[in-house]
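Asker: Sequence:
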Amino acid sequence: MGTTKSYGDHEFRPATTASGGPVRHRRGIADGATATRLLFAASEQAYDPDLDIDWDAPVVPDAEWLPAQWISLHGTWLWRWLGEEQRAELAKRELVALLTAGIHAQSVVGMLDFRDLIEGDSPVDDRSRFLLSAINDEARRTTMFSRLVAKSGVAPYPLSPPLRVLAKFVLLTPTGPAGLAFRLLLEEMVAAVLRDVAGHPGAPPHLRQVSILTAPGAARHVELTREELVAAVRARGPAANALHRWLAAAITASLYAAAIEPRAYRDAGVSPGIAVVAALTGPAYRRNARRATASFREFATAQGILRGPVAATILRLGGLR
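So the sequence shown is residues 1 to 321, counted in the UniProt record's numbering.
Some hints could be false.
For each label pair, taking beta carbons as the anchor points, the in silico distance ranges come out as [as the list claims (entries may be wrong)]:
no. : residue 1 : residue 2 : range
1   : E85       : D54       : 24 to 32 Å
2   : A63       : P156      : 16 to 24 Å
3   : E223      : R263      : 31 to 39 Å
4   : D62       : P174      : 44 to 52 Å
5   : E85       : I260      : 41 to 49 Å
6   : T313      : D54       : 43 to 51 Å
7   : R164      : A57       : 31 to 39 Å
8   : S160      : R290      : 18 to 26 Å
9   : E223      : A63       : 28 to 36 Å
10  : R266      : A235      : 44 to 52 Å
11  : P238      : L132      : 30 to 38 Å
12  : H200      : V124      : 28 to 36 Å
Hints are computed from structural coordinates only; laboratory data are not their basis.
Heads up, the beta-carbon is just placed ideally off N, CA and C, and yes, glycines get one too.
Generate coordinates for the entire structure from the input sequences, incorporating the hints supplied.
Answerer: Structure below.
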């Protein structure tokens, strides 16, 4: 029989075959179509969000919850007025705001995956099974983001009333290139921001471990969504794709603004109205919006999704060019 592993107060026995030996997949994950290959990869890289991180371990006292360059007020005149303690408090609260936004983003992607599953041609093929695996990945990422928020000791920031109204229409998101671009942008932004903020030396160990565990699943989902986005573009004519390009550009130019959370400023002792204006006009917003969307913009431009003068103008107005 397999050995028992312990995580804090919990014990479990790893999965075994009928004969009692460890489970090993004999088929290479590079074989077959994309969904089949990614499905095998998902089974090889499974983890438990509650057990594979020591959530009982205390938070490192001097941890940097958010590197200075990712704090929205960094580089502004208002930043120079903040003391070290106030800056540290704002960093923690802005990380919580980012994690809360990540929870909402993963929930949106999961809802759209369920819609694809219901509307698909076959609920029993490898693509459908991979969608179920992807939904599982999104649920696990959401679980770990919520654990991180709880570990910070800061209450999460619920959706604002306007966003609550928009959330009711998530399942009405277009199914063509613009809708796939929206989904891909959400996935790539969450992955890029998490990878960057968790990669600096002073990041809390819990945050670094979450980044390590979630990276493979995010990469699998991005790969399949990219492939489907390319196929959707090729299936449409130039006129239809032009409209989708403009919508995709508008979404790309505006989505990072959701990272600006006025309530985080208020809770850190800064006037929300003044802070929002300072953040949106400061150097950190444009820099971080570009970094968060860089991977998506590079891919979408190469595939012709963000090409053309109208799309370029929209991106320029959003500070992305």
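Asker: Against each hint, give a clear statement of whether it holds in the structure.
Answerer: Quick rundown of the hints versus the structure:
Between E85 and D54 the Cβ separation comes to about 28 Å, which falls inside the hinted range of 24 to 32 Å. The hint said 16 to 24 Å for the Cβ distance between A63 and P156, and at roughly 19 Å that hint holds. For the pair E223 and R263, the beta carbons lie near 35 Å from each other, so the given range of 31 to 39 Å is met. Between D62 and P174 the Cβ separation comes to about 47 Å, which falls inside the hinted range of 44 to 52 Å.
For E85 and I260, the Cβ-Cβ distance of about 22 Å falls outside the hinted range of 41 to 49 Å, so the restraint is violated. Taken as a hint, the range 43 to 51 Å holds for the pair T313 and D54, whose Cβ atoms sit roughly 49 Å apart. Restraint check, R164 to A57: a C-beta distance of roughly 35 Å satisfies the suggested window 31 to 39 Å. Judged by the Cβ atoms, the range 18 to 26 Å given for S160 and R290 holds: they are separated by roughly 24 Å.
About 32 Å separates the C-beta atoms of E223 and A63, a value consistent with the hinted range of 28 to 36 Å. In this structure the hint that R266 and A235 lie 44 to 52 Å apart at CB holds, the actual value being about 47 Å. Judged by the Cβ atoms, the range 30 to 38 Å given for P238 and L132 holds: they are separated by roughly 36 Å. The hint said 28 to 36 Å for the Cβ distance between H200 and V124, and at roughly 44 Å that hint is violated.
This entry does not satisfy hints 5, 12, going by the numbered hints stated previously.
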